[in-house]
Structure formats: structure tokens, C-alpha cells
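Chemist: Listed here are the chains, written in short residue letters.
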Amino acid sequence: MTVVKRQPMPDAGATDVKALEPLLIELARPGRGGRHVRAEANADIPPHYQRKAPLGLPELTEPQVVRHYTHLAELNYSVDGGMYPLGSCTMKYNPKVNDRAASLFADLHPRQSYRTTQGVLALAYELEEMLVKITGMDFVTLQPAAGAQSEFTALLMFKAYHAKRGDAKQRRRIIVPDSAHGTNPASAAMCGYQVATVKSDARGNVDLEALKAALGPDVAGFMLTNPNTLGLFEERVREVCAAVHDAGGLVYGDGANMNALLGVARPGDLGFDCVHINVHKTFSTPHGAGGPGAGPLCVKMHLRPFLPKPWIVRESDGTYHYDTAREDREPESIGDSIGSVKQRLGNFGVLARAYTYIKTLGDEGLTETGRDAVLAANYLLALVREKYDVAYDRTPMHEFVLSAAKQKKQGATALDLSKALLDEGFHSPTVYFPLIVPEALMIEPTETEPKETLDAFAAALNRLADRAASDPTSVHDAPKNTPLRRLDEVTAARSPKLKWQRPT
Amino acid sequence: MTVVKRQPMPDAGATDVKALEPLLIELARPGRGGRHVRAEANADIPPHYQRKAPLGLPELTEPQVVRHYTHLAELNYSVDGGMYPLGSCTMKYNPKVNDRAASLFADLHPRQSYRTTQGVLALAYELEEMLVKITGMDFVTLQPAAGAQSEFTALLMFKAYHAKRGDAKQRRRIIVPDSAHGTNPASAAMCGYQVATVKSDARGNVDLEALKAALGPDVAGFMLTNPNTLGLFEERVREVCAAVHDAGGLVYGDGANMNALLGVARPGDLGFDCVHINVHKTFSTPHGAGGPGAGPLCVKMHLRPFLPKPWIVRESDGTYHYDTAREDREPESIGDSIGSVKQRLGNFGVLARAYTYIKTLGDEGLTETGRDAVLAANYLLALVREKYDVAYDRTPMHEFVLSAAKQKKQGATALDLSKALLDEGFHSPTVYFPLIVPEALMIEPTETEPKETLDAFAAALNRLADRAASDPTSVHDAPKNTPLRRLDEVTAARSPKLKWQRPT
Amino acid sequence: MNKNPYSPHTEADRTAMLERIGLRSVDELFNAIPRDARSPRLGIGAGMSEQEVQAHLEKLAAMNKTAGSGPFFIGGPIQRRYIPAAVPVLALRGDFLTAYTPYQPEVSQGTLQAVFEYQSLLAELLAMDVVNSSMYDGGSATAEAALMAVRLTGRKKVVVSSDVDFTFRRTLRTYARGAELEIVDVPADRLASSADGAACVIVQHPDAFGTLVDVRAIADAAHEAGALCVQVTEPHALALLEPPGALGVDIAVGEGQPLGIPMSYGGPHLGIFACRGGLVRQMPGRIAGQTVDADGVRGFVNTLQTREQHIRREKATSNICTNEALAAIHAAVYLSLLGPEGLRAAARAGVARAHALANRIAALPTCRIANDGAFFDRFTLRTEMGGWDLRLALLERGIQVEATASHYVDGKRRGRDDVIVQCTEMTSESDADALVDAVAEITGSRQAVAAR
Amino acid sequence: MNKNPYSPHTEADRTAMLERIGLRSVDELFNAIPRDARSPRLGIGAGMSEQEVQAHLEKLAAMNKTAGSGPFFIGGPIQRRYIPAAVPVLALRGDFLTAYTPYQPEVSQGTLQAVFEYQSLLAELLAMDVVNSSMYDGGSATAEAALMAVRLTGRKKVVVSSDVDFTFRRTLRTYARGAELEIVDVPADRLASSADGAACVIVQHPDAFGTLVDVRAIADAAHEAGALCVQVTEPHALALLEPPGALGVDIAVGEGQPLGIPMSYGGPHLGIFACRGGLVRQMPGRIAGQTVDADGVRGFVNTLQTREQHIRREKATSNICTNEALAAIHAAVYLSLLGPEGLRAAARAGVARAHALANRIAALPTCRIANDGAFFDRFTLRTEMGGWDLRLALLERGIQVEATASHYVDGKRRGRDDVIVQCTEMTSESDADALVDAVAEITGSRQAVAAR
Ligand SMILES: Cc1ncc(COP(=O)(O)O)c(C=O)c1O
Ligand SMILES: Cc1ncc(COP(=O)(O)O)c(C=O)c1O
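Protein chains in written order, with my numbering: chain A, 1 to 504; chain B, 1 to 504; chain C, 1 to 452; chain D, 1 to 452.
Among these hints, one or two may not hold up.
As the list claims (entries may be wrong) - The list that follows gives simulated cross-link-like pairs (lysine-lysine, DSS-like), each with its CA atoms no further than 30 angstroms apart:
1) K157(C) <-> K169(A)
2) K52(B) <-> K157(C)
3) K3(D) <-> K59(C)
4) K406(A) <-> K480(A)
5) K406(B) <-> K199(B)
6) K164(A) <-> K300(A)
These aren't lab readings, by the way, just hints derived from the structure by calculation.
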């Protein structure tokens, strides 16, 4: 989207509300409709079960539908349209060939026999091998649909691991740093764990002493993002992991920031017992306005028995099948596996994109990616560091966190700045996260933004700092130049309208 | 495109010109590039032939290219985005299934054997049959790439026809009405014909007396658009055709307005010797920002021998081949055929879309289309007729022509109104055509615009008429709300810049 | 040339950037990393050109037999349905495809309105008060429904019908390990009587085998016992069947893939999640809501976020973050295109073909339809030889069906050994003929068929 | 429900519209039409649902053997080349696909800048001053070049090399019937000596058989004789070969399909048309030019329109109206993506593979390469049995090549009976092996190969 103020559409249909685009029901007219599927007049359904409730779906023609979604699409900012520096989200370019490649596997059902899906299994098996090599782990499950489900999966495995060793009952706690992403504690809670938080030290690392103090026989594990959500590499990562292991706990690696480590370092060499990968970040699969993603979980040998089923097996003759379904039959038992969080290979359509991307880059391309991502972040930081407070003044990895504390004192909050940045034609950084940084602006440029775009973005950020200093009120009613101006979130939450009201 | 004023992009690259979007060379940097095709280091070319001239193509990454064209796309108005009432252009909705269907034939080369392209030939053969039925003609060539090439093809056939009868030398003139589209006289001239014009009468018909006066042994043919470019059905079409035939001439049917006649009437029943079809109008193939199109030519039996080659032949066993290539060999002679204007089946990819559309609609759908198109035009006219002069006050067919003569006197020209309409969020009608109507506004709604959109468009037109009456100067600097304001066409033509200047 | 073909940085750029940072080499950026762990050898191999990678993936794809390549009767929650050409054209526009979660609503109204409309369309279909903006899939939606019921009732027992799709039950059991819930599988006819002390009763209608189930009775019994009623359902079925909202259901879930989303060997798909209005504050997942902007223009935002992990952390109603928004947009486009008549036509087509096919097969002496009651658009076929072997024999003839024999959950296997036959509007006459002939031949009632 | 599924009009709408018009029935709108000609029966049959029509077209498509389905060596002006995934994603956006010719530049800057950039990119490639925004295809571009030369020189004779692609020469001769030009076909080596009294000399380089031609010598001779030199060329070749602009060429034309446009059995394609700056006022077709808007912002318009039919009518430089703008946009996207290095790589790949293949084939005792000189990325193969029969024999083995035997123009047939072998970056090693083996076997030099 080119950032522009919109006017309501002229063919807005019979609606008197002020709106950029009417709702489908406002465009609909009884008796309209297309002819997309073959007509079928009757279906034999016992009266008792037949639908009596009205089926109030809107009646539209295809031309109307095409215009509606074309208009809506134009209201979105996207990576295809501009720089999207959301920290922790790795909004890099999404290669188009990945989408085309994935579409080659669209017409396959997950319940087909391995006999009719050898291509799927070959791709997935090789992808697992590649992820093992990239992360330095031993085994992989491709099943989790996203990072959060991967966290949940891993913690279930921790539980099974401790159960196997007989001390699951006592190990009720998961420790997370105060900089952790919200999904970490939420996943722990879903696993029935109590969540304890350790603070970060002055350099933005986990406070090792505080961690040691918190560790004990009641600790099941520790969740660590590295580089962490401050964009900083955990300087004593091995000691941290060792401490947890000494206490009998396991270390979960939140790999959302894996982009910084591609070809640079491998979690498996740093002491982690497992790490998840957000392929919708690190491996360039498109974020789809909020999903889909995929969250493969890579684990060390000792966690293997607990991995979700089924597992792909490669025969000596180069054919593939599932361990639980050599003859497509399930086994009498799935052993120590936690079961399955999604069927078979999870979001395969997303994984096929990630596979295409990794194949395209290869060793050298992946390494260049990690290095360029970190270089770009450090360059951008250098361009803006004079005008903003830097949360932790260390060489960041792929992203960095500014604080607008100074600007807030001047009268312009991080929120104001993020909105004013929209008027400058850029998407805003992640704001108010991580929670430990006041007025946080979390910025991740990724490796695919050209230097001149980084320069333009930095110039915009610096212009805003100047405005905050000279005329802070000028940013209070930003954005002015976007399709809509600031939205009333308070009323939205206080008296929720969660679906349309049919015009009566 | 939602009609909006744009601001230059922030990542506009190193350019100081004010621009909505930089040029590719302004985005390029030496050393950038992608990796789309397999690398190949050497090619054995004699030094004498090797390129010494610099190859100054811009060096860009795929992400840059994607953003560039995404930004450009957003600057376009399109049928997918809104009503496009260009008279004579039939900008109806372009069904998406047509595009998908056509893509099934993308990987075929026109020089493949008929043995490997039976599906292509079956489709084309059936399409010819369908066009015969829709137009009431006897035979069809699918070869012409557009309406204009179809006109040229037909006139070459006229020439061959007269040559065959021995009086080609004397028949040097083609007559066209003064309302004719520019391509008509231009095509005639390309055929080496002199062009004579007959005026229209008070009802917007060809002036029959004037035509008769113009007819004679030196006339090769007459080109008639019906409904004509005023949107009016030629009331004495049969007498007109008879008069031309009596003089030994042939009647060319310009079928650009065929949408009005679908299932309503057939040129073949009205006296025409041939008629072309703009499938990019009548049969919903997308106009592609200026093309491609396809202009099948439908002819009566007596013109068949002169049709371009090759012709599709259907064997009794249901297989197909080309008459000139039973064994893929060309014949010793192509008989009386004029030759070929494009290879084999012309713009097959476009024709496949038209085929899909006709199959989708069927008899009843096509008939409904013609009737709805005419109904919509008459309804729209009823909504705006009070405020504008109507060029010829008769029941129009699928389009009608208003005159802004009154508004011009008030100080607002047709051009001003067309620009002001853009600010209202609509594309403008065709203006200043046909030439015989002063300040012409030629409006064709098509059958796919909902009634509420027609109402909104009429309201906008009427608002403009009011502005012209009350405050005409207010439209002089329209449009204000579009990506760009009025462009300086004079300078563009006087000192042409027809390609970029590399920054030195 | 760059090793990463998508990287814009020329060597000159990199040098200039390093200079600005004040470093001499990129390596200096990595001093925080343990020396011995730096720059590992990956061993994945060299990068490929787009042309080569495309060719490579086409080879892999050619190793699969697609659903469209022969008679295909595999279904269940994931179904082969006709996807109108306009669905991908619109839903896969870069503006939707490459946007993030709408954190800045002012520049995300496309996503937010489309998702709000998805919620509204599904609310119409399900006749439920509130629909969230998506879960991962039908399985996790079912599991999250159970967790929500547990939060609402404070009870830890979950009763689930053994006729709920086996993959959903697997995911349910896996999720249940976290909160250490007691999952009780019972046959559908014992659901009502097993509701005591349960947080919820989970019923599927139409069930995994296509059988129609009297949900209202089960819902009433559940409510009697102070439990919630969770219905697993299928979107097309609701065009013809009384919706959850009219049956007293508290939480309705299902797999949304049949709404214009490719099968893609199992994902990305769409978890449908809906509930009664009163329960919304315990609902998992994102929810878009309507509001106005500073100029009073209608707009949309993600709302009720105090339920979510980024605000409530360990107290959140779910850990879900990235969801399936793009799939929800696909579903919205699909439903907008089909409308009520189109959806009914598609649903009827499945029912009509399934019933016609069942009648032909039932007429074979060697076969019987094993559904315990009326069925919708799929049915179970029982033969002497057993479903497992029949499936393999059919596969050899290029006909793909599903065998109940693979329906294991946590090792426990369901008794029956049948074949499930799913029909949709994509099921052609010739597919049906192929199946009938093959079954007749395989099960040895050829003559019987010939006689017909 | 409407018979036209794309029609939005409900019966209520139609009634209301009629009322407003003041009529009782739609039929009354057609009173001007002769009674007996009204409402003809069409006899095409009933309409189909999208699902059915899609299935029908898939059946038709399955009756073809695509280029990708086996070893493929057919080429010439239309070539099977790799099309990057981003090309259709961008060029087929509805904003480009469903726009009309940019009559209102204020809302058409996307089209106009893209076309202006196409012109600029091609000008770089051809090293010519002016490129128009497209012709129908290479054939009509060649014909229009001749007509332009005729206008410029006032002469009516056109000399064309018989090594110009036969389909282009066919179109040239057909077009020439209009202006009643004299078309003289001569062998390439006699072009220079035949320029006298000609409006132009038309040479192709690389020629239809892949042979490299010394264009400069021909251009000089043409200019000597007061004729123009028209070069037919191919875009990929120009990445490696000296461009027309550096060879003294006055008008350069060619087929632009290889620039990211699908073959689509012959169209829609792209006619490339370029000329020296001084000749632009006689140039056919649309041309986009740079200007500024009322605020001084850079913008683009269609310019020099006084050459065109809608203004000059019978005095126009051509009758062309609808052209191939979308194909030009494809070409622009393609060239932006490949850049100079990518285009060279693709071109080199064709050359390298063609030469390697030619060497292997030349080594067969039964075969010889029949090009009269160095060739580029295709060559002619001559055998005892003749090209015609060889082609059929190869086709039976699933290998597609072109035979010169089909190169008839106006009945006149070219002497040689060879096979043409075209290579591009899509030609794989295994394709090459398959061809060599098959040729060896068919022409009976199996042993010779075995020996190798
Ligand atoms: C640091 C971190 N951890 C975990 C997650 C959750 O991943 P997902 O959104 O794929 O569930 C995210 C993504 O937002 C993240 O940034
Ligand atoms: C009346 C009329 N005749 C002929 C043409 C020329 O058709 P085409 O643009 O397909 O060459 C047109 C299209 O603009 C037209 O409107």
C-alpha cells in the first residue's frame, strides 16, 4: 500500500455510515449470486436434522466480490509494498518462487497412502536434515503450526522426559527471563507449569546469579530466546544452559530470532536441548496478515523418544514411509511420544516454501543472510543512536531496541512516534515490547532492505525525534495520511461489536 | 485503485525529481541482481559479432522489482477496482476463471504438430462454430490479433474478392460513415483504398441518400458499425446493405459493439458480408492496459475462399488438423487466401478466455447479457438526460452519447467534466468521440455494473452538471484527488522524452 | 554477485555500512559468540538458481499422485472441493499475503475488515454469537474448546464421542497432557449419560463416519450435568443442517479448509472456533471488532486483547499468536462468492452423490453400509475382506479411499475395520462407476453387478 | 438466478430500471431492429457452472502434449524460456490486467510508467533511439517496418532475406497486398547487391536457422542505395551480440515473447519495434513519453498521437489501436528481474547447449550441421533421410523439433529439407542425450554412437 488517506468509495452501496468500504451485507441484494459449483437440487436429509434457522449469508456477484477485496487489499501495508521493521517478526522479502513451488503440492490429502506421496515425504525428510544441520540439533518434528505450538509441544516433551525419569511430579516450574515473549509463559501455563521470571542484568543478559537462585529440583526447564528480544546475544549462554542442566532442568531455545544466527552459530553448539524455528520469519514464508506459519521443533538425541508421531522413515531403497504406518496402520503403541499436535507433517504448504528458500540460498546464502541481517541492524542503529536512548548499549544482532523515554518526557510517546512514522510512509517498529524497556521501539530491518531504504527510514526516525523535541504536540494526532486515523480501541473493547448487524 | 492523491514514496532511491515512484534506473545499483536462471559462463561467439556496446540494463534485486511494480499497479484505475464507463470499449467484468483456463494452454508452441495439440484445435474449432452461431455468418478466422487487424484482413479479402471478379482495379474506394471509429479509415488506407465519408442523418443513421450518391462502380465496400458509435441501431440497415450490394460493393461489419446484439440480433441476418468481434470487449477478455485482444473475423460463404490460412479441418473420426498441413506440410498453393496476418490461431491465449466465457454463459446467458447491457444504458441515460444534451434523442442500445455543449457554454468542457469525474472516484467516459458530436461524452455501463453503482455514477454526473452551471471554474483544475493532477501533454509532444536518461 | 539472491547489498554498500558503524569487518559484530561456535559449516550444499529449484520441486511433485489424478474418496474434516478461480486471485494478493498481524490498524484495514467479515459470515453459518479470527486447525480448535470449558467449569474431566474424527481426538489427548485432564472416550449413544462431572461433552455432527447425530439431546443432558456442549462440525454441512447455535451448543468448532483452502497435504488450514456471547472473555485467539477512527469513520481493530498472551502472558486464555488469518480470508472470499445458494448446491452435491453411491454399493451382495443411522456426505462400507485390505486393493486400481483401520488414538484402536467413502461436488459419475465396479470385482460380486 | 452468472441485476432491479425509463418490457428497447431478425435462437447450448467449465477445459488441455512434457527443441522467434515466478504475480495484477488503454493518464500512471520503462529497457538492449509501446507480434512488426520504409522513401520495392523467419515473411507478403508492394526474396548473401530501388532491405540476425549474419555490410549497402536497413532480431541474442543500433540499422523489429511471456500456442505475444530518432514521426503504434503534472511532479502520457488512427484516421501511420501493452509489461518485469547478468546467462545457456549438442550430432556419421556459417542458439541438422521424415520419427519418440520442410511462403518452398534444433536455458542434459540417441538410432549410426 502506498500510504495515503482514503475517501469512502463511490459505489459504497446503500449505507449511510461513513466507511472506506462497505461491508458485504451492505453490498448484497436478495437474488444475486454466481454459478461457481454445479447446481444440485435435492439432498436426502431427515426433516429432524434439516436447517430451519435462516442462512443469512450475503448474496453477491463475483464482480462485486472482486472489487470488495481489491479495495480492502489496497488498505493494507505489506512487505511487497514497503519496509516493515517490526522487531521480533523478521519481515523479510517473501520470494514468489516459494509460493509457486508450494502450489505444486496443493492437491494432496494428508490421509493419502505414503505410496502416493513419496514426493511429499522426500521433501519433508530432506527439510528435517537441513534443519538439523542449520540448528546443530539431532532430530526434528515438522508438526507444530507455529512457534507457540512448538513451545507447547516442547514443554509437553519436557514433562514426558521428566516423567520418564520419575521426577515429573516435583518439577512444576518453568523459568523465563523478564524479556521473554508472551507466548513463552503462556505455553508453560498451558502445560500446567507454574511460571517464574528471572530478571535481566545490566547488559541485557539473563542475570545468571538470579537464575541460579531460582533453579532447583522443582524446575522443569528454562526458556531462552537467543539472540534475546533485546536483539542481544546471550553472552554467557553456555553457563546459563549448564546451570539449568546442573539443576536437572532442560533448556528450551526460542528460535524466533534464528535469522541472526544463520551460518553464524548453531543453538545446538550453545547448550540448548531444543530450539523451534519460525519458518514464517527466518525462512521467508509469507506471514499472511497473521498466519499461517510453521514451527518445526529441533531437538537433541535425549528428547527424541518424546517427539510427536508419526516420524518419517527412509528405506535403504530410497523410499519413504511413516514409522507408525508402514502399512498405513497405526502401531499398538506410540511409545513415549507425546502424541500429535497436528496431523502428519503440519503446515506442509508452508514448509514447502521454507524448503524452497533453503535450497535457493544454500550454505553460503544462508551465512550471508545471517551476516547481512546483523550488519543492517547495526548500521541502522548507528544512524539513529544520537537521537534516541538505546536500551542496552551493546553491539546488537539482527535487531535493536530503542527507548523513547526521552521523547516521552518531551511529550511524544512511543505510540505517537509509531503513528507518525506511518505518515512518513513506513510501517512502525514493534512498540512497548520487550516489557522491560520503557517506551520500547523494537526495530528489525532484515537483510533484504537496500541501504538507501535504511537511510530513508533512519532519516524519518530522526525527523520524528526532532519534532518530538521542537513540537511534540504535532505528533499527537498522527497518523493523518493513512487510510484511517487513530482508531478508538477503548470503545471497541468496552462494548464489543464482533460481527456485523444485518440491516433490519 | 481507490482514487487518491499520492505522495512520493519514501524509499524513492537517489533521485531529486519529484515523482510518485522512481524509475528502475534510479533504484538500480551496480552489482545488484538476482539468480533466476542457471549460471552459464561461456558462449562461443566469433569476436566480430560479440556485443561491444554497453548493455545498460538496470541491476536490481527481486524485492525491489516487486515493490516497484506493486507501487505502479496501485496507480492504475481498473475494472477490478471500479466502474469503467468508456464508450465503445465494453469494459465489463473479466471473469477470473477465464484466466485460469487460458493458463492451461500456456506451455504450447504454435509450431507443434497437430498431433500434439488436439486440445487446442478442438477448442478453436468449437469456438469458430459458436461465433458462426452468434453472428449468423458462415465461416470464421481466429487469426487477427485485434479489431483493427481484423478490419485490415477483411479489406484485403474484399480486394481479393473483387480481383477474382476482375474489377479490383476499378474499385479503389471504401466508404465509411462520419461516425466511424478511426481504425476504419486507417485500415482502408493500409489496404491502399481511398476513403470517402458519408454523413449521418438527423436520427444518427447513415444518410441513405448520401450513401447512394457516393456509391458506384469504383466502390469496393462500405464499413458500418452497428449499433454505431452513437450507440444507435442502424434503422435501415438492410436498405443500406442492399444499396452497397447493388453497387457491387461489400459491407464490412465493425463488431466492436456486438455486446448489444448478443442473443438480440445477428449481423448475418441484417445484410453484412462479414463482421469482426472484439473478444476483449464482447467476450470479457481483460484489456491488459491496452492489449492483448483478439479480433476473429466472421464471413459469409462468398468470402470464404479468401480467408487467411491455415484452416482447421475436422475428420470424421473427431481428430483435427490444418488443411495446409495434413502432414504438417504446406501446400503448393494457398489458393485464393490472402495469406496470413498472424500465425495459425492468432492470440490463442485470449481466444481460450473468450471460449470459456461463452461456454459459461450459454444461449440464455448471452441473450441476458445483450438485454441487460441495453437496459443498463437506457436506465443510466434516463437518470442523466435532464442535465445534459443528448446527441441523438433515440432509444440507444448498449451505450449513449451525451454532449456537454451546454456545459461548455457555461465554462466547463467535456474534458473538464471527465477530469472532475475522476475526483468523484469514477473513470471517465470516452470523450470527444464520435467526432460528429460536439463535446461528446460517450458512456457505456455494460451489463455487469449493479444498479446502485449506476445510480452513484449518475448522481456524480449530475453533480458535475450542477457545478458547471453554478461554479464552472471549480472543475478547471480537476482532478485534485488522483495520484497525479493534469499532465502537460503539449510539452510531452513538443519535446518528446521517449526513454529514460541514464544519470551521468 | 550475492550468495543470497534476495540480498540488495553490494560490496560497496557493506563497506560503507561498516564504516558508519566504525568497524573493519563484519566478524567483529559477532564477538559475543563463543569462538568455537562461530561460523559453523552447514553442509547443506550450494545454492540453486530459481530455474533449478523450480525444476527440482516439479520433480518432487511428480512423485505424488494428486487427488485429481483419479477417483478420490478420501475426506473427513479435510475435503477436496471446488475452489473458484477468484479465491486465490484475491486472497493471495501481496497486500494480504505479505502483511503481518495487524498491529497498526490504521494501515491494516484490509486485513481487519476481511477478518471481521469472516467472523460475521461464520456466525451466520453457525448461528453462534461470537467467532474468533482463527485457530490452527480443527484439531487444536477442539482441544482449545476443551481447555476453555475446563476454565469455565473448573472441572478436569472431558467426555468425547469416539465418533469424533480420530485426528481431533489425538490432538485433544495430546493437549490434555498439559493441563492433565481426564479424557473419556464414549460411544455417541452413551455421551448423554456420561456427562456427570464433566467440563464438557464433545460431539461431532455429522460424525467422522458421516452419521447424523442428535446434538440437542446431548446438549440438554450436558447442561443438566452442568457441563458445556462442544460440537465439532463441518462448514458445508451447515448449509443444510440445523446449526450449533440452534441446538443449544455452547462452543462450536471445526476444520475450515473446505471453504476454498487447498488441501496441501494437511495445512495450512483453518480452525473454526465459535461460542455463546457470554463466554467470550474465556475465548482463545484473536478477535476483530468494529469501531471508529478519530474522524468517526468506521474501522476495525483486534480487540479483547486482555485475553491474549502478549498482554496476559501466563494468565492468557491461550498461547496462540501466529494463527491462520490468510486462511480465514480465503474462507471469507469463498463464502462471498458462493453465497447461500452456492454453498447449499455444493453441500447437496456431496449428499446426493454419497447417497446414490451408497445405494449402488449396498446393492452388491458382498457389501453393506455400516453407518448406525442416516448419513450426510460420507458413509462407511463394510465387507467380508475388511476395510484395510479393500483399501489396498482399491489403491492398486488407482482409487483412493480411507480405512477406519488407521483410526488409532494413543494406541487404542477402534473395533470396526471399514472403508469410508467421502463425496463432494467434485465426485464425478465416472468416479462413482469406477468405485462400484472395483468394489464389485474385488469383493467378488462381479456377476451381481453384471446382472444389473 | 441470472443466466449470466456475472450479472448483478435482480428481477426487482430490472423492473425498477424499466419503470425509470418508462417502458413495460425490455423488448420495447429493440424496436429499431427488423422484427424477423430479433431474438435469434443461438444453439450454443446451456451455460455451465464454473466448476464444470474448468473441468471441461482441463479435459481439452489434457489432449495436448506440452513443451515441458518431453525433450523439446522447437523455437525460432517463439521460445520456451524460464519465466520467473514474480513475472506473472506482478504483471497479472488486476490493476494492470483489467485496465484499458491509458486514456486518462491521471489514473493510469502504473501502465504509463511501466510502458515507458519497457521502451527504455528495449532501447538499452537494442541500442536504438526510440522504441514504441508494442506491436501485435514480430511478424506484423516486420510488415509495419516495411510500410514505414515505404512511407519514408516513397519506393514500393521491399527486399527481404529468405533467411528471415517464414512466418514473418508470410505476414509481410500478406500486408504488402494492401499497399501493393513488390516483395523480393533473396538469399542473405545477395541482399547487399539487391538494394537498388528498394525502400528497405530486411535482414534477420541471428537468422531463422540460427546463423550469424554480417548486418553492418548489408546496412551500408542499403544506405548506399538510398534504402533503409531493417533488422529482425531476438532479444536474448542481443545480450551477447552487437545490437542493431551499433550496426547502422534504421528500424529494428522482433518477437518479444521470450521476455517472460508464455508461448500460449502463438499469442498473445509482443511485437518489438524500434527506430532511429529521426524517423519517429513515421513510426506506427503507441508511444509513452515523460512529462510533468500541474504540480510539477514527473508523470507519463501517450504522446506523438498525431501519428495515430484516432486522430489522423486515413492519414495515420498505422491502424493499430489495441496492442500488446500487457506483454510489454511482462517484458519489463522480466528484464528488471534478470538484469544484464541474468539475460546474458540465459542467452549463453542457449548458445552453449546448442554448440555442445551440434558437436555431438556432427560426430554422427549420418548427420551434418547445415548452417552456412557460425550459429547462435539454434542450428540446422541435415541427414540422408531428410528433415521431414526425421521430425516425424523423432515425434514418435516424444521428441519435438521443427522441420524446414514446412517453411512455405505463398506456396513457394525453400529448397532445404532439414531439421532445426533450438536450445535455451530450459534445454537439459537429458533432453540433449535423448535427441542424440534418437537421431543416432533413427539415422542408423547407432554403432558409431556405441563406439563413443
Ligand atoms: C520471540 C518470539 N517467540 C515466540 C513467538 C511466537 O511464534 P508464533 O507467532 O509463530 O506462534 C514469536 C512471534 O511473534 C516471537 O517473536
Ligand atoms: C468501434 C470500434 N471499431 C474498431 C475498434 C478497434 O478494435 P481494436 O482496438 O481491437 O483494434 C474499436 C476499439 O477501440 C472500436 O471501438
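Chemist: Each hint: holds or not?
Modeler: Results of checking the hints against the structure:
1. For a cut-off of 30 angstroms, the pair hint linking K157(C) to K169(A) stands: about 20 angstroms separates their Cα positions.
2. Annotation: proposed proximity of K52(B) to K157(C) is violated, straight-line Cα distance about 81 angstroms (limit 30 angstroms).
3. Distance hint between K3(D) and K59(C) is unfulfilled; the C-alpha atoms sit about 43 angstroms from each other, more than 30 angstroms.
4. Annotation: proposed proximity of K406(A) to K480(A) holds, straight-line Cα distance about 24 angstroms (limit 30 angstroms).
5. Between K406(B) and K199(B), the direct Cα distance comes to roughly 23 angstroms. Compliance with the 30 angstroms bound is thereby established for this hinted pair.
6. A distance of roughly 16 angstroms separates the Cα atoms of K164(A) and K300(A); the hinted pair therefore holds under the 30 angstroms criterion.
Violation of the numbered hints given earlier is confined to hints 2, 3; the remaining hints are satisfied by the structure.
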